[in-house]
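Sequences listed follow chains A and B, in order.
First residue of the first sequence: 1, per the numbering used here; consecutive thereafter.
First residue of the second sequence: 1, per the numbering used here; consecutive thereafter.
The hints are simulated quantities; they were obtained by calculation from the structure and are not laboratory data.
Bear in mind that the values here come from a model prediction, so they are computed numbers and not experimental data.
Using N, Cα and C, we set each Cβ at its ideal position, and we do this for glycine too.
A portion of the hints provided could be inaccurate.
Computed Cβ-Cβ distance ranges for the label pairs, DEER-style [unchecked claim]:
#, chain 1, residue 1, chain 2, residue 2, range
1, A, Asp77, B, Ser30, 22 to 32 Å
2, A, Asn144, B, Thr57, 51 to 61 Å
3, A, Asn270, B, Thr57, 42 to 52 Å
4, B, Arg73, A, Glu218, 41 to 51 Å
5, B, Glu76, A, Leu12, 30 to 40 Å
6, B, Asn80, A, Gly15, 44 to 54 Å
7, B, Ala58, A, Gly307, 50 to 60 Å
8, A, Arg31, B, Glu76, 49 to 59 Å
9, B, Thr57, A, Arg178, 33 to 43 Å
10, B, Pro51, A, Met238, 49 to 59 Å
11, A, Glu40, B, Pro51, 55 to 65 Å
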Amino acid sequence: MSLLLEMNQKALELGIPTSVHMDLTYRCNERCVHCYLDHEDHGEMTTAEIEDLLTQLADAGVFFLTLSGGEVLMRRDFFRIVECARRLLFNVKVKTNAVMIGEPEARRLRQLGVEQIQISVYSHRAEVHDAITKLPGSLRRTINAIRFLKSQGLKVTVANVLMAINSNDNAGVMALARELEVPYTLDPTITPKLDGDTSILGLRIEGSELGEVFRNRELVGDVEAFCAPPPPAGDDVMDGYPCSAGHTACYISPYGEVFPCVQFPLPCGNVRKQKFVDIWRDSRQFKEVRSIRARDLTVCSSCAHVGTCTRCPGLAYIEGNMRGPSTADCEKSFQRTGIPSANMLMRARPGSAAPLVQIQI
Amino acid sequence: MIAARYIARNSAIAARLVGGEMMIMSATDSTFFTLNDVATVIWQAADGRTPLSEIVTAKICQEFDVCPEEAERDAEQFVNELSQHGILRVSELPIGSSSPAPPERP
Numbered sequence: 001m002s003l004l005l006e007m008n009q010k011a012l013e014l015g016i017p018t019s020v021h022m023d024l025t026y027r028c029n030e031r032c033v034h035c036y037l038d039h040e041d042h043g044e045m046t047t048a049e050i051e052d053l054l055t056q057l058a059d060a061g062v063f064f065l066t067l068s069g070g071e072v073l074m075r076r077d078f079f080r081i082v083e084c085a086r087r088l089l090f091n092v093k094v095k096t097n098a099v100m101i102g103e104p105e106a107r108r109l110r111q112l113g114v115e116q117i118q119i120s121v122y123s124h125r126a127e128v129h130d131a132i133t134k135l136p137g138s139l140r141r142t143i144n145a146i147r148f149l150k151s152q153g154l155k156v157t158v159a160n161v162l163m164a165i166n167s168n169d170n171a172g173v174m175a176l177a178r179e180l181e182v183p184y185t186l187d188p189t190i191t192p193k194l195d196g197d198t199s200i201l202g203l204r205i206e207g208s209e210l211g212e213v214f215r216n217r218e219l220v221g222d223v224e225a226f227c228a229p230p231p232p233a234g235d236d237v238m239d240g241y242p243c244s245a246g247h248t249a250c251y252i253s254p255y256g257e258v259f260p261c262v263q264f265p266l267p268c269g270n271v272r273k274q275k276f277v278d279i280w281r282d283s284r285q286f287k288e289v290r291s292i293r294a295r296d297l298t299v300c301s302s303c304a305h306v307g308t309c310t311r312c313p314g315l316a317y318i319e320g321n322m323r324g325p326s327t328a329d330c331e332k333s334f335q336r337t338g339i340p341s342a343n344m345l346m347r348a349r350p351g352s353a354a355p356l357v358q359i360q361i
Numbered sequence: 001m002i003a004a005r006y007i008a009r010n011s012a013i014a015a016r017l018v019g020g021e022m023m024i025m026s027a028t029d030s031t032f033f034t035l036n037d038v039a040t041v042i043w044q045a046a047d048g049r050t051p052l053s054e055i056v057t058a059k060i061c062q063e064f065d066v067c068p069e070e071a072e073r074d075a076e077q078f079v080n081e082l083s084q085h086g087i088l089r090v091s092e093l094p095i096g097s098s099s100p101a102p103p104e105r106p
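Chain B on its own, in the form it takes in the complex (with noise of 0.2 Å):
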């Protein structure tokens, strides 16, 4: 069995949703990306209470049109793009605590 995997938004970024896009920096690096709007999704989900494999299904393959498979694979690969980062942090077992998401406007 493959254990469940839980994601926190790392305290140490700077983030901004600018016209429907997510802006992050790194506080750690300075590396600046932007989320495309599934990465945006799992990022604002990213609380470290829900696992990753329950984002994937409640969020990402409800609300967009995608198969578990393909989610759950492009979510991982996602995840660990952004924790080698200190982006976001990940644990098998639940984070207690996640920086706020920013607002959803403008």
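Just chain A, same shape as in the assembly (with noise of 0.2 Å):
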């Protein structure tokens, strides 16, 4: 086992929260077709908030600290508060368009130690990137910036989500990352927007195209051993949670309140009314999502992906039931593997008027 797998083994056992994903703001300079936020200020944390609540984080035991948004430099205060938080000692990771990003502000990101930055880039065209994220010149400047950081020694990542209106650019955003030198991921999970508003998820790619990714030497490795059927689920895979979201990591938003997951909008409190710690220790909705484990599930502990699927619990709440399936994470599964999971199967029952393949929320 890893240094940090035992690390996190130690703190599931301890209850101490090692991750923490932060929204700084909701506030973006970009229009991204596929995003789930809206993009209004209501009430944002001030600046002596958050350095209160990091102080919090840091006193509970985070260690690892994303600053994400909206878009994280809108707010005038970002260096102020990435400044506290490298002084906390945090390994901080940053999310951004990076469009307001230059030479000074690549070069303070580097004094101040930031761990990494990982940048969203949608298409290697100017044309495609720019129609997602509706800002003429964004690819450009997005480019430069990768360009600023890479120079100044910072470790970036290029993060494509993928959609059906740019899923021909694969390929190209994966060279255009060679040819900057970072490293670069995929994701094919469109997700509702906050509000409820389910209208985005026909941007999701058909489910024969996730088939096509999943066996994309390039992206998963091998192959074989990456498309293979699952094996058994054992005692060990039945008694396990689903993932770190409650148990380790958890999110908090612009406003104070206080998530399993940035995926995951059960509110579980606010650190406005709060002090962290306790929400963490004492909410009824932490200790529900950490007390559901893969023999609790209602359709899944039963599906032959129990052990393997990227179940997440979520998109199932979003779906009405955190311990129910995530018919997304079904589709990848199936794609996968060719294997339809234990859902699907459920609704292609005569009497069920679900379609077999059912990725729509």
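Hints given; two lone chains; assemble the complex.
Dropping the structure here:
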């Protein structure tokens, strides 16, 4: 077991939140077509509130801190917040579109010892990328920023969200990332908007295209192993918990609301009303999330994929039941292995109106 | 006469005390370390102003059941390893600034 896994296991046993994802703002200079946020400021935490919160998080044992948004640089106090976070010795990762990062900003991020910058790139072609961000010139500015950051010796990762409108550009973005000498990640997950609007789910790629992605050696490595049928699940799997959300990780919104994960909109408390550690330790919602084991899942516990599925409890919650299936992940398991999930089989039974392949929520 | 060695925590690191064990990650090469009790005491005392030999005699030998020779040998080895990964800075002269040590909680 690696040292990091060992520490994660220890944190799990001690109930320590090692990772926190914090959105500093929902405001953004881009208007990405797939974004699940609104872009208004409904009363963001002040600099002082965030600095106090960071101290609370350090005291609670948080080690990995992801600062995201919205666009983090829309906050004028962004560097002051990073400075505070680094003074408290967090491992800081920043997610940004990088449009506002020039040479001075790149230099400052380096001076502050930020661990990693993750930057969204949707296409290698400006006409596609800029149509998704709805900000003319955004691809050019983002690429320039990546070069500035790299020249400072910072670790940069390019993140591509795969949608129907950019699915043909996956290879092009990968080639661009290679040219820029940065790692590339791909995510086909589109989630409903925070207000419950599911219209953006229509942007998801077709299941067959997902199957092609899972058979791309450049993306998944050993295709045979990646797409292999799932092994039978033992007691260790059935007694396991679904993911780190609420166990060693959580999400905090710009308004101080605490959730198990950025994709798991179950309100657990607000740091404007309570101390973070009290929410983390005592919230009824966190306790419920922590109580769930694979054998408690209503449909998935009997699914062949139970031990290998990427089932997201947050997406399941959005679908109506945090113990239920996440149909987008059913689709992924099916496209990866060719074996339908228990949820798919159940929905395909006579009398069920749902289609076999269902990824809409 | 052997020159004094001063040690200071590098600012380009992340660190947290988890369940009595110090986790440290280098921002330079992302190497992840966990320090045992003795190493944690040395790392927390690495303020750039206190000579390593004084840290060993005043902290390690006082808090742990270990003889000075053995403690000094282990401390030297630990310091060399961490300095190679940029976690600690080492100098024969006092070092101006050291990053703050994380709080001793939880």
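Each hint, compared with the structure:
1. A/Asp77 - B/Ser30: 22 to 32 Å: The hint (22 to 32 Å, Cβ to Cβ) holds, given that A/Asp77 and B/Ser30 are roughly 28 Å apart.
2. A/Asn144 - B/Thr57: 51 to 61 Å: 54 Å, holds
3. A/Asn270 - B/Thr57: 42 to 52 Å: 50 Å, holds
4. B/Arg73 - A/Glu218: 41 to 51 Å: 49 Å, holds
5. B/Glu76 - A/Leu12: 30 to 40 Å: Once the Cβ atoms are compared, 35 Å apart, the range 30 to 40 Å for A/Leu12 and B/Glu76 holds.
6. B/Asn80 - A/Gly15: 44 to 54 Å: 36 Å, violated
7. B/Ala58 - A/Gly307: 50 to 60 Å: 53 Å, holds
8. A/Arg31 - B/Glu76: 49 to 59 Å: Taking Cβ atoms as reference, A/Arg31 and B/Glu76 lie about 58 Å apart, which means the hint holds.
9. B/Thr57 - A/Arg178: 33 to 43 Å: 54 Å, violated
10. B/Pro51 - A/Met238: 49 to 59 Å: 56 Å, holds
11. A/Glu40 - B/Pro51: 55 to 65 Å: Given a distance of about 57 Å, which is inside 55 to 65 Å, the answer is holds.
In summary, the numbered hints that this structure violates are 6, 9.
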